[in-house]
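Order-wise, the sequence lines are chains A and B.
Just so we're aligned: 363 in my numbering is position 363 of the first sequence, and the numbers increase by one with no gaps anywhere.
Just so we're aligned: 589 in my numbering is position 103 of the second sequence, and the numbers increase by one with no gaps anywhere.
In case anyone wonders, no lab produced these hints; they're calculated from the structure.
Owing to the predicted nature of the structure, the values given are computational and were not obtained by experimental measurement.
Fair warning: there could be bad hints in the mix.
Unchecked claim - Keeping only pairs whose Cα atoms sit at most 20 Å apart, straight-line, the calculated SDA-like set for lysine to any residue is:
| hint | chain 1 | residue 1 | chain 2 | residue 2 |
| --- | --- | --- | --- | --- |
| 1 | A | Lys477 | A | Leu344 |
| 2 | A | Lys475 | B | Gly542 |
| 3 | A | Lys486 | B | Phe530 |
| 4 | A | Lys474 | B | His680 |
| 5 | B | Lys708 | B | His680 |
| 6 | A | Lys477 | B | Thr527 |
| 7 | B | Lys559 | A | Leu332 |
| 8 | A | Lys398 | A | Ala483 |
| 9 | A | Lys341 | B | Lys588 |
| 10 | B | Lys702 | B | Asp650 |
Unchecked claim - Here are a few chain B residues that face chain A, going by a calculated C-beta distance under 10 Å:
| hint | residue |
| --- | --- |
| 11 | Thr561 |
| 12 | Lys588 |
| 13 | Pro637 |
| 14 | Ile641 |
What the hints assert, rightly or not - Every beta carbon over 10 Å from chain B, so not counted as near; a handful from chain A, in silico:
| hint | residue |
| --- | --- |
| 15 | Met148 |
| 16 | Gly215 |
| 17 | Phe222 |
| 18 | Phe280 |
| 19 | Leu283 |
| 20 | Arg462 |
We treat Cβ as the ideally placed atom computed from N, Cα and C, and that holds for glycine.
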Amino acid sequence: MNLFSLQWKESFRAPQWEAKATIKILIGVVSLYFIGSFLFLGSVVYPALNKTVLEREPLEVFNSVLLLFFFAELIIRFFFQQLPVTNIQSLILLPFKKRQIVNHVMLRSVFSPFNLVPFIIYLPFAISMYRDDYLETQALAWWLALLMTTLSLNFLLYIINKNNTYFVALVLLLLGTIALDVYAETDLGKMVGIPFDAVVNKPEYLVGFLLLLCGMYAVLFFFLKKSFYLDAGLGKKRTRVSGGEYTILNFLGDDALILRNDLRMIVRNARPRQIALMSFLFLFYGLVFFTQDIYRDMEYVMVFAGIFVTGGFTMTFGNYVPAWDSSYYKLLMTQNISYKKYLLSKWNLMAFVTAVSALLAIPYVYFGWDILAIVIAGAFFNIGLNTWVTLFGGLLNKTPMKLNVKAKAFENTQGFSMTQFVLIIPKMVLPVLLYWLPSFFISPTAGFISLAGSGIVAIILRDKIANWVTELYKKQKHETIEAFNK
Amino acid sequence: MIQLENLSKKYEEVTVLEVASLSISKGEHFGLVGNNGAGKTTLFSLLLDLIRPSSGKVSINKIEVAISEAWKKDTAAFIDDAFLIDYLTPEEYFAFVAQLRKVSTTELDVFLAQFEEFFNGEVLAQKKYIRDFSKGNQKKVGLAAAFIGKPEVVILDEPFANLDPSSQIRLKKFLTNDQNTDCTLLISSHDLNHVTDVCDRIVLLEKGSIIKDTPKSPETLKELEAYFSAQ
Numbered sequence: 001m002n003l004f005s006l007q008w009k010e011s012f013r014a015p016q017w018e019a020k021a022t023i024k025i026l027i028g029v030v031s032l033y034f035i036g037s038f039l040f041l042g043s044v045v046y047p048a049l050n051k052t053v054l055e056r057e058p059l060e061v062f063n064s065v066l067l068l069f070f071f072a073e074l075i076i077r078f079f080f081q082q083l084p085v086t087n088i089q090s091l092i093l094l095p096f097k098k099r100q101i102v103n104h105v106m107l108r109s110v111f112s113p114f115n116l117v118p119f120i121i122y123l124p125f126a127i128s129m130y131r132d133d134y135l136e137t138q139a140l141a142w143w144l145a146l147l148m149t150t151l152s153l154n155f156l157l158y159i160i161n162k163n164n165t166y167f168v169a170l171v172l173l174l175l176g177t178i179a180l181d182v183y184a185e186t187d188l189g190k191m192v193g194i195p196f197d198a199v200v201n202k203p204e205y206l207v208g209f210l211l212l213l214c215g216m217y218a219v220l221f222f223f224l225k226k227s228f229y230l231d232a233g234l235g236k237k238r239t240r241v242s243g244g245e246y247t248i249l250n251f252l253g254d255d256a257l258i259l260r261n262d263l264r265m266i267v268r269n270a271r272p273r274q275i276a277l278m279s280f281l282f283l284f285y286g287l288v289f290f291t292q293d294i295y296r297d298m299e300y301v302m303v304f305a306g307i308f309v310t311g312g313f314t315m316t317f318g319n320y321v322p323a324w325d326s327s328y329y330k331l332l333m334t335q336n337i338s339y340k341k342y343l344l345s346k347w348n349l350m351a352f353v354t355a356v357s358a359l360l361a362i363p364y365v366y367f368g369w370d371i372l373a374i375v376i377a378g379a380f381f382n383i384g385l386n387t388w389v390t391l392f393g394g395l396l397n398k399t400p401m402k403l404n405v406k407a408k409a410f411e412n413t414q415g416f417s418m419t420q421f422v423l424i425i426p427k428m429v430l431p432v433l434l435y436w437l438p439s440f441f442i443s444p445t446a447g448f449i450s451l452a453g454s455g456i457v458a459i460i461l462r463d464k465i466a467n468w469v470t471e472l473y474k475k476q477k478h479e480t481i482e483a484f485n486k
Numbered sequence: 487m488i489q490l491e492n493l494s495k496k497y498e499e500v501t502v503l504e505v506a507s508l509s510i511s512k513g514e515h516f517g518l519v520g521n522n523g524a525g526k527t528t529l530f531s532l533l534l535d536l537i538r539p540s541s542g543k544v545s546i547n548k549i550e551v552a553i554s555e556a557w558k559k560d561t562a563a564f565i566d567d568a569f570l571i572d573y574l575t576p577e578e579y580f581a582f583v584a585q586l587r588k589v590s591t592t593e594l595d596v597f598l599a600q601f602e603e604f605f606n607g608e609v610l611a612q613k614k615y616i617r618d619f620s621k622g623n624q625k626k627v628g629l630a631a632a633f634i635g636k637p638e639v640v641i642l643d644e645p646f647a648n649l650d651p652s653s654q655i656r657l658k659k660f661l662t663n664d665q666n667t668d669c670t671l672l673i674s675s676h677d678l679n680h681v682t683d684v685c686d687r688i689v690l691l692e693k694g695s696i697i698k699d700t701p702k703s704p705e706t707l708k709e710l711e712a713y714f715s716a717q
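Based on the provided sequences and hints, a complete structural model is requested.
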């Protein structure tokens, strides 16, 4: 009981509750939007499957793709779910039984937004089943089976989260299964659905899922209890040092200095690693739009997607400059380096990654030369202009960054301000207009020239823009130092 | 070397520092003492342009710190953890600072060799990131780095805190050795013994004002002890 009251205080005295009312409302709206869309998804899937896949039962179809669901869930959880272990250190010497604390930690993890999935996706589906012609016991048994599986995944994540090798092994296993199904036409993925088919026919089989859940709980319980020492599982982990010389950058001379440091920062800290991986996924963003025929004629959607394909890193990384350096900002502000040089090296990094993304995006030519042209023009815009807009946006972000702590999903209010929200206009709307207006009134080629040209002009004027942004940074210097000092 | 004019810092209506005028000449070893909240760190932060003064100005080498960035090439400091890049190894951190200060790798190696005793075999070649070092060893890294490239001005806040007794003595030896006689050294400390050993001028701050500014004499330590016991 004591533990829960501590927990209560911790969550309600956390800094994010002190965020401004507007931000709270916005987060509320966004969460509701997501919950709403998933609820909608959950409730339309069944009728949709009923209509489209005539020869098979919707439930059977759904069960056969469950593996993909679990796979996606595991990946998202791995990247975003923060496990509540670190704050146990202060309790370890107090007169709680170990068993009590371990149980508490595990129970706490159940109250995670990720465990809402059974409620917002599977429950509407189960209700649709009941409304069709399944018995309520059947629908309930199916739903309970999925609920228990989700919770088992929740506990499984604890074990793999401590160990990247387990995670990689699991991902390879799952990918292998999917690959075999696609290329060798095996039915391994569908086999995952079999227990869920079975539980509908015989609700008694739920016992099996219950055993799985209990087993998972027990495994994790002993795993955590064993590692219940500061130097074993719960404390900060010491990382082994490797690499980091990046001698390949030497040709850049002095400019390589901050760049090399940024690379080390990204590779050696959890939070920037997470962002870098996410920005890599942006490369595939185009697949969502370019593959759909309905978007083909909507040029603005194409430009929008094109900007994202190469701009992922710029927009995610740049948004946290200078917050990335918050823990040693005073050093940078007193050492022998000018503000302008500092900003230019951040620009170089973003420009470089954007250029590499553009090269990696060449396969998009598969969808047509015009698509590739949009992606390339978008890359020029990203390098020339978006970099500076995000650097300006980052300046408004005055929350110090804990580099080696993963971001918590749904709690990432870091540096969110109305101004940053407004900055979406130059980041997203401007490139669309730059392309679409000339394209509409003259020709698509004119649109391409206008979008790419704006970026090229900005690259030529780089030095002037840099001076201007440097002045903005200088004006905010003391406020930034003070904010990062907290 | 360093000039302060009408410098003051107020938070809301509370004045935390008020110095009408203070001038520190080249090569002076300047010791700042005072109880918690006297304004020592505030003074150092103002010197480094880390906080904005409510009035007045600071110049280092005749360069006003709030206006130009040129003072940075002659000045180094170690105030707190925010001067360490914790995901680097000490070697990488030293190399980073050395490059900023235009010091070559060979010069850096020579420079670091003199800290062998001070580091006590616990800092270099440990294959650890700075964040995984103990507080004391982190401090050693920051202190040594502040002297890379022979800066004309070095500002150290509480350099003796967190160090073990042997390291404190070794640090004292380093600060008073011949090569640092030209260096304008500013240190603050709660340890009256150390500060009087290292410095040739002692300034006492109380509630944001300078109440004593004397060259060091054999009596200084006794006077300071008398002052602080009467508080």
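Hints versus structure:
Distance hint between Lys477(A) and Leu344(A) is fulfilled; the C-alpha atoms sit about 17 Å from each other, no more than 20 Å. For the given pair, Lys475(A) sits about 18 Å from Gly542(B) by alpha-carbon distance, which is consistent with the 20 Å threshold. A hinted pair counts as satisfied when its Cα atoms are at most 20 Å apart, and Lys486(A) with Phe530(B) qualifies at roughly 18 Å. About 38 Å separates the Cα atoms of Lys474(A) and His680(B), which puts this hinted pair outside 20 Å; it is violated.
Among the hinted pairs, Lys708(B) with His680(B) is consistent with the structure: their alpha-carbon atoms are about 13 Å apart, no more than 20 Å. A distance of roughly 18 Å separates the Cα atoms of Lys477(A) and Thr527(B); the hinted pair therefore holds under the 20 Å criterion. Taken as a hint, the Lys559(B) and Leu332(A) pair is honoured in the structure, with Cα atoms around 12 Å apart against an allowance of 20 Å. Of the pairs offered as hints, the one joining Lys398(A) and Ala483(A) holds, with about 6 Å between alpha carbons and a cut-off of 20 Å not exceeded.
Simply put, Lys341(A) and Lys588(B) have alpha-carbon atoms about 15 Å apart, close enough for the 20 Å limit, and the pair holds. Note on Lys702(B) and Asp650(B): the hinted pairing is violated, with a Cα-Cα distance of about 26 Å set against a maximum of 20 Å. Below 10 Å, beta-carbon pairs count as interface contacts, and Thr561(B) has one with chain A at about 7 Å; its hint therefore holds. The criterion of a C-beta within 10 Å of any C-beta in chain A is met by Lys588(B), whose closest approach is roughly 8 Å, and the hint holds.
With 10 Å as the threshold, the beta carbon of Pro637(B) comes within range of chain A, its nearest partner Cβ sitting at about 9 Å, so the hint holds. Given hint, Ile641(B) at the interface with chain A, holds; its Cβ is 9 Å from that chain's nearest Cβ, closer than 10 Å. Distance to chain B confirms Met148(A) as a non-interface residue, since its nearest Cβ pair spans about 40 Å, more than 10 Å. With a least beta-carbon separation of about 36 Å from chain B, Gly215(A) lies farther than 10 Å from that chain, consistent with its non-interface assignment.
For Phe222(A), the non-interface assignment is confirmed: its Cβ lies about 28 Å from the closest Cβ of chain B, beyond the 10 Å cut-off. Annotated as non-interface, Phe280(A) keeps its C-beta farther than 10 Å from every C-beta of chain B; the closest such distance is 21 Å. For Leu283(A), the condition that its CB be more than 10 Å from all CB atoms of chain B holds, with the nearest at approximately 26 Å. Even its closest Cβ contact with chain B, about 20 Å, leaves Arg462(A) beyond 10 Å, as expected for a residue assigned away from the interface.
Hints 4 and 10 from the list above are not met by this structure, while the remaining hints are.
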